[in-house]
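Make the full structure from the sequences, and use the hints.
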Amino acid sequence: MQTLFIVSILFTACAQPVHNSCAVLSDLSGKMFTFPVESNTARVRLLPSRVNFTSVTVCLRFRTDLDREYTLFSMASRSNTDDFCIFKKANKGRLEVCTRGKCIDFEGLPDELNTWYSSCATWDSNSGSTQVWINGNPSTTVVGFQGPLDGAPFILVGQEQNNVGGGFDAAQSFVGMITDVHMWDYVLSACEIQRFASHLNFTPGDVINWRALDFTITGDVVVEDSQLSRCSHSE
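Per mature numbering (1 follows the signal peptide of the UniProt record, and there is no 0): the sequence shown = residues -15 to -1, 1 to 220.
Treat the hints as calculated values from the structure; they're not laboratory data.
Please note that a few of the clues may not be correct.
[Unchecked claim] Below, simulated SDA-like cross-link-like pairs (lysine to any residue); rule was C-alpha separation at most 25 angstroms, straight line: (1) Lys77 <-> Val127; (2) Lys74 <-> Gly93; (3) Lys77 <-> Ser24; (4) Lys77 <-> Ser40; (5) Lys16 <-> Lys87; (6) Lys16 <-> Asp205; (7) Lys77 <-> Ser64; (8) Lys87 <-> Asn99; (9) Lys87 <-> Ser112; (10) Lys74 <-> Glu92; (11) Lys87 <-> Val127; (12) Lys16 <-> Asn120; (13) Lys16 <-> Leu185; (14) Lys16 <-> Thr201; (15) Lys74 <-> Arg48; (16) Lys74 <-> Leu185; (17) Lys16 <-> Thr203; (18) Lys16 <-> Lys77; (19) Lys77 <-> Ser112; (20) Lys74 <-> Asp109; (21) Lys16 <-> Val160; (22) Lys16 <-> Gly132; (23) Lys77 <-> Arg63; (24) Lys87 <-> Leu185; (25) Lys74 <-> Arg35; (26) Lys87 <-> Arg53; (27) Lys87 <-> Ser40.
[Claimed, not checked] FRET-style restraints, in silico, Cβ to Cβ: (28) Ala175 <-> Gly152: 34 to 44 angstroms; (29) Val207 <-> Gln131: 31 to 41 angstroms; (30) Ala175 <-> Trp101: 14 to 24 angstroms; (31) Val207 <-> Pro123: 13 to 23 angstroms; (32) Gly121 <-> Gly15: 17 to 27 angstroms; (33) Ala137 <-> Thr100: 14 to 24 angstroms; (34) Asn122 <-> Leu213: 29 to 39 angstroms; (35) Asp50 <-> Cys88: 38 to 48 angstroms; (36) Asn111 <-> Ser34: 16 to 26 angstroms; (37) Val22 <-> Trp101: 17 to 27 angstroms; (38) Cys176 <-> Thr125: 12 to 22 angstroms; (39) Ala175 <-> Glu92: 13 to 23 angstroms; (40) Thr26 <-> Trp101: 31 to 41 angstroms.
By construction, the Cβ of each residue, glycine as well, lies at the ideal position given by its N, Cα and C atoms.
Right, dumping it as structure tokens:
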């Protein structure tokens, strides 16, 4: 009876994501993370299925009314706090992708406030080829860091890591909604990226999978129904 009681307490704690830090494994299809206020605490840690990478693709959807800089995806390790990061600069239409501390700015991208965007970033270790895709449309390809990413990754959405798992700055925090976060250990094909952007069937991430997500929430983050869900014509 005592063992059952302890398990019950743990389950109840995990059912209360807001303001708690608790690991869960969930299918978040039709859900989104909402970051309602600027802070240096609100974040979601994503626990990956593997730790070493020779290529990376990260895709997610987001909406915000921020006109300042903010982070969309932050992966740090003991080797570098910017092992793989997607960062929106304050300049209109500018997105920064960093791999092992080598950062590349992509300019002239779609950038309107209060608009949903499907964003993907790809990187290949052999060539260093780095590219971003917004709503299924590619940027130019730029050569970035060349070489594998090794070391245990610490992955967050909502905050930029200035040291591993910490060093947060509210002025770089994300405020808005994020959904459909996936990560692959290879460069996703153009067709797969376009299928993701068009809400069609695509191969889910093999490192981070929104449909089977291992994550912890800390601070003011709400899991709620996605506003991207399609309504049936019969309703």
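**Prompt:** Looking back at the hints listed earlier, which ones does the structure fail to meet?
**Reply:** Of the numbered hints given earlier, those the structure breaks are 4, 5, 7, 8, 16, 18, 19, 22, 23, 24, 25, 31, 33, 34, 35, 40, listed in rising order.
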